[in-house]
Amino acid sequence: MSAQESYVTEDGRTIGPTVMEMKNITLRFGGVKAITDISFDIREGEIRAIIGPNGAGKSSMLNVISGFYIPQDGEVWYKGEKRPPMKPYEVAQQGIARTFQNIALFEGMSVLDNVMTGRMRQMQSGMLAQALWRGKAEKEEVENREAVEKIIDFLEIQAIRKTPVARLPYGLKKRVELARALAAEPSILLLDEPMAGMNVEEKEDMSRFILDVNDEFGTTIALIEHDMGVVMDLSDRVVVMDYGKKIGDGTPDEVRSNQAVIDAYLGVAHD
Amino acid sequence: MPDSLLFGTEVLLNGLMAGVLYALVALGFVLIFKASGIFNYAQGVMALFAALTLVGIMEGQVPFSHLINAAFGTDIHHFGWHVPALVAIIITMVVMVFLAWAVNHFVMRHLVNQEPIILFMATIGLAYFLEGFGDLMWGSDIKKLDVGLPQGGSFWIEENTQWLGFGNENFYGFFLDKLDLVATVIAAILVAALVIFAQYTKQGRAMRAVADDHQAALSVGISLNFIWIMVWSVAGFVALVAGIMWGAKSGVQFSLSLIALKALPVLMLGGFTSIPGAIVGGLIIGVGEKLFEFAIGPYIGGATENWFAYVLALIFLVFRPQGLFGEKIIERV
Numbered sequence: 001m002s003a004q005e006s007y008v009t010e011d012g013r014t015i016g017p018t019v020m021e022m023k024n025i026t027l028r029f030g031g032v033k034a035i036t037d038i039s040f041d042i043r044e045g046e047i048r049a050i051i052g053p054n055g056a057g058k059s060s061m062l063n064v065i066s067g068f069y070i071p072q073d074g075e076v077w078y079k080g081e082k083r084p085p086m087k088p089y090e091v092a093q094q095g096i097a098r099t100f101q102n103i104a105l106f107e108g109m110s111v112l113d114n115v116m117t118g119r120m121r122q123m124q125s126g127m128l129a130q131a132l133w134r135g136k137a138e139k140e141e142v143e144n145r146e147a148v149e150k151i152i153d154f155l156e157i158q159a160i161r162k163t164p165v166a167r168l169p170y171g172l173k174k175r176v177e178l179a180r181a182l183a184a185e186p187s188i189l190l191l192d193e194p195m196a197g198m199n200v201e202e203k204e205d206m207s208r209f210i211l212d213v214n215d216e217f218g219t220t221i222a223l224i225e226h227d228m229g230v231v232m233d234l235s236d237r238v239v240v241m242d243y244g245k246k247i248g249d250g251t252p253d254e255v256r257s258n259q260a261v262i263d264a265y266l267g268v269a270h271d
Numbered sequence: 001m002p003d004s005l006l007f008g009t010e011v012l013l014n015g016l017m018a019g020v021l022y023a024l025v026a027l028g029f030v031l032i033f034k035a036s037g038i039f040n041y042a043q044g045v046m047a048l049f050a051a052l053t054l055v056g057i058m059e060g061q062v063p064f065s066h067l068i069n070a071a072f073g074t075d076i077h078h079f080g081w082h083v084p085a086l087v088a089i090i091i092t093m094v095v096m097v098f099l100a101w102a103v104n105h106f107v108m109r110h111l112v113n114q115e116p117i118i119l120f121m122a123t124i125g126l127a128y129f130l131e132g133f134g135d136l137m138w139g140s141d142i143k144k145l146d147v148g149l150p151q152g153g154s155f156w157i158e159e160n161t162q163w164l165g166f167g168n169e170n171f172y173g174f175f176l177d178k179l180d181l182v183a184t185v186i187a188a189i190l191v192a193a194l195v196i197f198a199q200y201t202k203q204g205r206a207m208r209a210v211a212d213d214h215q216a217a218l219s220v221g222i223s224l225n226f227i228w229i230m231v232w233s234v235a236g237f238v239a240l241v242a243g244i245m246w247g248a249k250s251g252v253q254f255s256l257s258l259i260a261l262k263a264l265p266v267l268m269l270g271g272f273t274s275i276p277g278a279i280v281g282g283l284i285i286g287v288g289e290k291l292f293e294f295a296i297g298p299y300i301g302g303a304t305e306n307w308f309a310y311v312l313a314l315i316f317l318v319f320r321p322q323g324l325f326g327e328k329i330i331e332r333v
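Residue numbers (this note's numbering), protein chains in the order written: chain S, 1 to 271; chain A, 1 to 333.
Hints listed in this document are in silico derivations from the structure and should not be mistaken for laboratory results. Note that CB positions come from ideal geometry on N, CA and C, so glycine has one too. Some clues are possibly wrong.
[Said to hold, decoys possible] Here are some of the chain S residues that sit facing chain A, going by a computed Cβ distance under 10 Å:
#1 Y69
#2 D113
#3 G118
#4 Y265
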């Protein structure tokens with residue numbers, strides 16, 4: 001299948017043309033190469049996973065996409081245009097939302113306020129208008145509030161809306177972070193190990209939410225995950241990384257039968 | 001009514017007024033602390049710098065005149081014009097915004113993700129730099145600041161409170177300084193504006209977000225540089241208001257930067273993270289030190305105003321380290 005043609009998956013979701021393309025990305029920290037010459041694409045509406053053993057450079061890759069790292073070589077193409085080097089907040093304003101491996105929430109603020117910060121991009125009216133709470137600003141606040149409430153309902157966190165985030169247990173924090181990223185109505189949602197440190201039940205919940213988000217809102221999702229089983233069930237296509245290099249790319253079935261991937265995960269005798 | 005009660009009440013009222021001025025400085029501290037996690041030691045000096053600049057512009061003083069005269073052998077001091085107060089205040093605000101930009105560009109920008117103590121040290125450096133810079137720019141002599149705020153006691157209040165003496169012949173009504181009254185009104189407006197700004201605007205929410213977590217703030221599309229310049233500008237604005245009030249009350253002099261130290265006990269009382277706390281803390285310190293001086297001072301030799309605030313803050317630290325309104329620090333073990 002060509003990269004620009006839409007197709008329909010077995011479960012009836014439509015996968016569109018390429019929305020983001022990484023071309024020959026190389027990222028170095030001093031003498032250490034975190035990523036070496038990696039290319040792959042992300043298509044509209046799909047769940048794209050990046051997997052690999054510890055230290056493979058998965059998080060670095062995500063940080064390149066979200067602008068936290070600027071690669072030394074290679075190009076990032078987004079919506080058909082080459083992206084110049086950008087600050088993370090500019091990337092976010094372009095509609096790329098993310099979560100973090102170690103959760104980065106505003107601990108002192110309530111769940112609702114946290115999710116509302118996700119709407120920064122959608123709020124346009126001026127400071128004075130907002131302070132005075134009149135006209136357009138008021139309408140805007142109400143609209144944004146509605147959108148946020150919808151997401152809060154969707155992720156089943158109504159009960160903790162007013163709770164300061166610092167008081168929440170780990171699993172719920174992860175969910176709030178997802179809610180904040182979703183509130184931005186992103187064209188690409190980046191999830192850095194959304195299931196790290198969770199028990200089986202929490203993992204199942206999170207998997208369900210990720211699938212539902214993709215299904216309900218048609219959100220394009222790129223996620224990093226450790227747990228092979230989870231990834232294979234969730235994703236449409238998988239990139240496999242090892243020691244900063246790409247060793248596999250394709251559907252879960254293709255990747256599963258790829259010898260290089262099996263070697264990387266199970267280890268191989270060097271003779 | 002007995003003399004001592006009436007006099008005590010007057011001391012209390014004047015203490016409240018003094019407290020408002022403490023609160024004004026403390027507000028600047030709280031604002032920057034809440035927004036960026038930085039304890040800005042330079043807040044007091046910023047108030048001084050703002051007042052110096054304001055006077056300099058109003059009087060048409062040539063900035064850096066000593067430097068220019070020493071370098072070129074000239075003898076210029078004044079442009080020879082006078083700028084109206086309102087215009088001068090606006091120009092000073094522009095200078096404070098520029099200062100905010102400079103602080104961010106040359107100092108804070110390079111210290112992202114550093115320990116709070118390092119940021120604190122940077123602001124100490126900033127305080128000394130700004131004090132020297134202000135001296136170099138406008139000279140170190142004591143200046144009179146007259147922006148047209150009412151001065152002297154309010155006769156209206158004096159006349160209309162005379163009946164409270166209930167026939168006491170020694171009582172002529174309460175004596176309250178008009179300037180203090182104006183300061184109170186301005187402080188109230190300022191606080192209301194700041195609270196509305198922080199709680200109900202997008203920028204306010206972004207500001208709180210930045211204070212909480214830099215990375216997370218970036219990931220939702222908030223520009224750190226923009227927020228920091230904004231925060232320092234607002235702090236500059238608060239410093240300007242405080243500088244005008246203190247300058248009008250006691251002249252613009254370099255000891256003005258020492259009032260920053262009085263803000264410390266105010267903050268310990270009120271809590272470093274609470275805007276209402278800064279106000280209440282300021283009032284308690286103001287009233288406390290005046291009443292203590294009035295009631296206890298004569299028995300222990302007086303001059304208690306110099307240390308009372310600090311002792312009160314120490315006692316508070318023992319029993320309520322987060323202050324009256326501060327966020328309680330809970331460590332999960």
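Is the shortest C-beta separation between Y69 of chain S and chain A less than 10 Å? violated, 12 Å
Closer than 10 Å between Cβ atoms is the bar; does G118 of chain S clear it against chain A? Give me holds or violated. holds, 5 Å
Less than 10 Å between beta-carbons is the criterion; does D113 of chain S satisfy it with respect to chain A? Holds. Min distance 7 Å.
For the restraint on Y265 of chain S, tell me whether the closest CB of chain A is nearer than 10 Å. violated, 30 Å
In this structure, the earlier hints numbered 1 and 4 are contradicted, and the remaining ones agree with it.
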